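Asker: Numbering (this note's numbering), first residue to last: 3 to 186.
These are calculated hints, taken from the structure and not from any lab test.
Because the structure is a prediction, the values reported are computed rather than measured.
All residues carry an ideal CB built from backbone N, CA and C; glycine is no exception.
Do not take every clue at face value.
[To be verified] Calculated pairs, EDC-like style, for lysine to aspartate or glutamate (alpha carbon to alpha carbon, straight line, at most 20 Å):
| id | residue 1 | residue 2 |
| --- | --- | --- |
| 1 | K184 | D119 |
| 2 | K184 | E172 |
| 3 | K131 | D119 |
| 4 | K131 | E148 |
| 5 | K65 | D45 |
| 6 | K122 | E172 |
| 7 | K118 | D176 |
| 8 | K118 | E170 |
| 9 | K122 | D135 |
| 10 | K182 | E148 |
[Said to hold, decoys possible] Pair ranges (Cβ atoms, derived):
| id | residue 1 | residue 2 | range |
| --- | --- | --- | --- |
| 11 | V145 | K99 | 48 to 58 Å |
| 12 | I95 | F43 | 13 to 23 Å |
| 13 | G162 | N40 | 28 to 38 Å |
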Amino acid sequence: MFDPTPSAEAAGIMPAPTSFLNLYLDSLRWRWNRYIINYSFTDQMRLMKTIETRSFALLSILKQKSSKQVIGKEGKRTAFIIAVILISSGLFIFVFKQIQKSSVTNRWPLAPQFYKDMLKLLAKKGKGKKESDTPFEFANTIVIPEVNTVTWFYYNTRFGNHALTSDEREKIADCLKNIKSKKV
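Take these sequences, add in the hints, and give me the full structure.
Answerer: Now the structure itself:
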């Protein structure tokens, strides 16, 4: 029996053979994700252990070289202490900078307190926000116009880098009072 259906290769569905360059780029992408984006606490501990091992190896080499030279016993001790202080200082600075970078760059700005207060008020009234809802989606499910106003200020302060004026703070406080007094 003859099947007139064209093969997948003729229809252009089959991918072209993978080139060496594509494999190399894929490997680079994988390594970038593994060692830069998904750098975990275990990776940090492994790095610290490697640094510690290599620094002790360096210290032992320095110790051997200093013992072969004609430095007095006091000179050996001083060189060893200086090496330990330098390596410890370097490790401390490196770890401190890594912790500081990760704590600053990996955190989203926190939700403003007025928005959290509004969510608490609404949750007490039985209208809790689902995690899957965006703030505007949630605000549209509530029939109180003040919820939309507070949500608008929330978006501007959190994502628009807008600093609230005293008038805006008063307006938000009034909105929260109105939300508290109204039925949902």
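Asker: If a hint holds in the structure, say so; if it does not, say that too.
Answerer: Now for the hints, and whether the structure bears them out:
| no. | hint | verdict |
| --- | --- | --- |
| 1 | K184 to D119 | holds, 15 Å |
| 2 | K184 to E172 | holds, 18 Å |
| 3 | K131 to D119 | holds, 12 Å |
| 4 | K131 to E148 | holds, 16 Å |
| 5 | K65 to D45 | violated, 30 Å |
| 6 | K122 to E172 | holds, 19 Å |
| 7 | K118 to D176 | holds, 15 Å |
| 8 | K118 to E170 | holds, 17 Å |
| 9 | K122 to D135 | holds, 16 Å |
| 10 | K182 to E148 | holds, 10 Å |
| 11 | V145 to K99: 48 to 58 Å | holds, 51 Å |
| 12 | I95 to F43: 13 to 23 Å | holds, 20 Å |
| 13 | G162 to N40: 28 to 38 Å | holds, 30 Å |
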